[in-house]
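Novice: Kindly generate the complete structure, drawing on both the sequences and the hints.
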Amino acid sequence: MPTKPAGTLYRGREGMWSWVGHRITGVVIFFFLLVHVLDTSLVRVSPEAYTAVIGAYKNPLMALGETGLVAAIVFHAFNGLRIIAVDFWKKGAKYQRQMLWVVLVLWIVTMVAFAIRHLSLALGGH
Amino acid sequence: MTATQIQSPRSGSTVAPKYRRGGSSRGNFEMLAWLFMRLSGVVLVVLIFGHLFVNLLVGEGIHAIDFGFVAGKWADPFWQFWDLAMLWLAMLHGTNGVRTIINDYAEKDSTRFWLKMVLFSAAAVIIILGTLVIFTFNPCPVVDGVQLPGGFCPA
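So the protein lines, in turn, are chains A and B. The opening position of the first sequence corresponds to residue 1 in our numbering, with each subsequent residue numbered one higher. The opening position of the second sequence corresponds to residue 1 in our numbering, with each subsequent residue numbered one higher.
By construction, these hints were calculated from the structure, which means they are not laboratory data. Careful, some of the hints might be misleading.
As the list claims (entries may be wrong) - Quick list of simulated restraints, FRET-style, between CB atoms:
{"id": "1", "chain 1": "B", "residue 1": "Gly-50", "chain 2": "A", "residue 2": "Val-109", "range": "35 to 41 Å"}
{"id": "2", "chain 1": "B", "residue 1": "Asp-109", "chain 2": "A", "residue 2": "Leu-38", "range": "18 to 24 Å"}
{"id": "3", "chain 1": "B", "residue 1": "Phe-113", "chain 2": "A", "residue 2": "Glu-48", "range": "18 to 24 Å"}
{"id": "4", "chain 1": "A", "residue 1": "Leu-61", "chain 2": "B", "residue 2": "Phe-113", "range": "22 to 28 Å"}
{"id": "5", "chain 1": "A", "residue 1": "Ile-24", "chain 2": "B", "residue 2": "Ser-110", "range": "25 to 31 Å"}
{"id": "6", "chain 1": "B", "residue 1": "Lys-116", "chain 2": "A", "residue 2": "Val-105", "range": "24 to 30 Å"}
{"id": "7", "chain 1": "B", "residue 1": "Met-117", "chain 2": "A", "residue 2": "Val-35", "range": "37 to 43 Å"}
{"id": "8", "chain 1": "B", "residue 1": "Arg-112", "chain 2": "A", "residue 2": "Phe-32", "range": "21 to 27 Å"}
{"id": "9", "chain 1": "A", "residue 1": "Tyr-95", "chain 2": "B", "residue 2": "Ala-64", "range": "19 to 25 Å"}
{"id": "10", "chain 1": "A", "residue 1": "Arg-23", "chain 2": "B", "residue 2": "Gly-50", "range": "22 to 28 Å"}
{"id": "11", "chain 1": "A", "residue 1": "Val-105", "chain 2": "B", "residue 2": "Arg-112", "range": "16 to 22 Å"}
{"id": "12", "chain 1": "A", "residue 1": "Tyr-57", "chain 2": "B", "residue 2": "Cys-140", "range": "21 to 27 Å"}
{"id": "13", "chain 1": "B", "residue 1": "Thr-4", "chain 2": "A", "residue 2": "Lys-91", "range": "31 to 37 Å"}
{"id": "14", "chain 1": "A", "residue 1": "Trp-19", "chain 2": "B", "residue 2": "Phe-113", "range": "21 to 27 Å"}
Stated by the list, open to error - Pairs of lysine to aspartate or glutamate residues, derived as DMTMM-like cross-links and limited to a Cα-Cα distance of at most 20 Å, are as follows:
{"id": "15", "chain 1": "A", "residue 1": "Lys-58", "chain 2": "B", "residue 2": "Glu-60"}
{"id": "16", "chain 1": "B", "residue 1": "Lys-73", "chain 2": "A", "residue 2": "Asp-87"}
{"id": "17", "chain 1": "B", "residue 1": "Lys-73", "chain 2": "A", "residue 2": "Asp-39"}
{"id": "18", "chain 1": "A", "residue 1": "Lys-58", "chain 2": "A", "residue 2": "Asp-87"}
{"id": "19", "chain 1": "A", "residue 1": "Lys-58", "chain 2": "B", "residue 2": "Asp-66"}
All values derive from a computational prediction rather than experimental measurement. Ideal Cβ positions, reconstructed from N, Cα and C, are used throughout, including at glycine.
Specialist: Shown next, in the form of structure tokens:
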């Protein structure tokens, strides 16, 4: 059994957890993308087939799922831009922790705005 | 006394062979893959945020999405190429990401090989299917001999 490692600058800190978050959101988005291309491909089968399947995206439970998916996409997008800054900006590595907090604040602001708009459209009287 | 020369990390031929990473047979594929993730990532932020905004946040949002909505968008080459670029970049970006994860966690050579075969096959099917759908799509289908109504369809 490996012994519990000592704390490092990386392990268990902002750098590691943003990496974990980036991986998990990336995998989630990838599998949704496979499904999303398949469901969109139904436009080539018939208008009824497409409209029936896309109707499944319009119930309240799916509205929450869509909000979660968009949360994954927006985190992956903003943290991806942070990774690019770490790699290409001279001071990127030095400020990677501060940039993660900027990412998280922008993520929350974007998601609050998105959730209000999308959920009121999706759940509201139509 | 001359100043000590310090080479840039991984600066190719100036590094003694025994310190070079990887075999020469791989070329610089991994570096190009790394660069592709960053370049495609920036473009995908624009493409996907635009996609989400137009499809979910404008007008009546998700309730407006049906066959006619897609037909209306793909009647315009602008959205055909927007969606084509999004399809190709997102699939290549995602496939390379999952390839990295397989390389990280699958320890047996044969496991890695077969997982990547499944991954690449699925990616090829999705990319080809999506591309064909975008370009062979008929926005004015005739159902039971009747033209479906729509402003973009010839009467």
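Novice: All hints, please: hold or fail.
Specialist: Each hint tested on the structure:
| no. | hint | in the structure |
| --- | --- | --- |
| 1 | Gly-50(B) <-> Val-109(A): 35 to 41 Å | violated, 19 Å |
| 2 | Asp-109(B) <-> Leu-38(A): 18 to 24 Å | violated, 31 Å |
| 3 | Phe-113(B) <-> Glu-48(A): 18 to 24 Å | violated, 42 Å |
| 4 | Leu-61(A) <-> Phe-113(B): 22 to 28 Å | violated, 39 Å |
| 5 | Ile-24(A) <-> Ser-110(B): 25 to 31 Å | holds, 26 Å |
| 6 | Lys-116(B) <-> Val-105(A): 24 to 30 Å | violated, 38 Å |
| 7 | Met-117(B) <-> Val-35(A): 37 to 43 Å | violated, 21 Å |
| 8 | Arg-112(B) <-> Phe-32(A): 21 to 27 Å | holds, 24 Å |
| 9 | Tyr-95(A) <-> Ala-64(B): 19 to 25 Å | violated, 42 Å |
| 10 | Arg-23(A) <-> Gly-50(B): 22 to 28 Å | holds, 25 Å |
| 11 | Val-105(A) <-> Arg-112(B): 16 to 22 Å | violated, 39 Å |
| 12 | Tyr-57(A) <-> Cys-140(B): 21 to 27 Å | holds, 24 Å |
| 13 | Thr-4(B) <-> Lys-91(A): 31 to 37 Å | violated, 26 Å |
| 14 | Trp-19(A) <-> Phe-113(B): 21 to 27 Å | holds, 26 Å |
| 15 | Lys-58(A) <-> Glu-60(B) | holds, 12 Å |
| 16 | Lys-73(B) <-> Asp-87(A) | violated, 37 Å |
| 17 | Lys-73(B) <-> Asp-39(A) | holds, 16 Å |
| 18 | Lys-58(A) <-> Asp-87(A) | violated, 40 Å |
| 19 | Lys-58(A) <-> Asp-66(B) | holds, 11 Å |
Violated hints, listed in ascending order, are 1, 2, 3, 4, 6, 7, 9, 11, 13, 16, 18; each of the other numbered hints is respected by the structure.
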